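*Asks:* Sequence:
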Amino acid sequence: MEKRVKKKEKGLSLEQCIRRAEEYVADLGVCVLAMDVKGSATHLEEEGNRYTKRLARMVSDLNHVFEKYLPFSKIIAGNEERGFKIIRGDQVIGAINYAGAIKKIYDYQKEHYPDIDLYWTVAKDGWDEKAFREVD
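According to our numbering, the residues represented by the sequence shown are 1 to 136, in order.
The hints are simulated quantities; they were obtained by calculation from the structure and are not laboratory data. Take the hints with a grain of salt, since some may be wrong.
To be verified - Quick list of the computed label-pair ranges, beta carbon to beta carbon:
1) I87 / L28: 19 to 27 angstroms
2) E23 / K53: 34 to 42 angstroms
3) I87 / D115: 16 to 24 angstroms
As the structure is a prediction and not an experimental result, all values here were calculated from the model. Quick reminder that beta carbons are idealized off the backbone N, C-alpha and C, glycines included.
Kindly generate the complete structure, drawing on both the sequences and the hints.
*Replies:* Given below as structure tokens:
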């Protein structure tokens, strides 16, 4: 008889993201919110550049709408940066200064970009490999 191992779901729940962010923001004043596109290889194969442009538009909108929660910070790569950016082609990361912003960002993304399905996590900084593996 063959044993089936249930594959662990990637990412954290919204509540888990908020709790983790509360802890990091209390300690550091900021944390990293990271999102990874579910099934990105399929989307890119089927939709190509259109999907990439849609993701870039979402990032631009998030940066504009949630600017007050996106501080200048060196937390991601050691260089002072502000806002969300796309890395590795299908991941979106950015430093936030308020854990409550996660729910607002989540709701906005679901309302305005429901076609972009995401895994979510929160990292202490840009070198928090354990957190990034949760969505990779």
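*Asks:* Against this structure, judge whether each hint is valid.
*Replies:* Hints and how they fare:
1. I87 / L28: 19 to 27 angstroms: holds (21 angstroms)
2. E23 / K53: 34 to 42 angstroms: At 35 angstroms between Cβs, range holds.
3. I87 / D115: 16 to 24 angstroms: About 21 angstroms separates the Cβ atoms of I87 and D115, which means 16 to 24 angstroms holds.
Violated hints for the displayed structure: none, as all numbered hints are satisfied.
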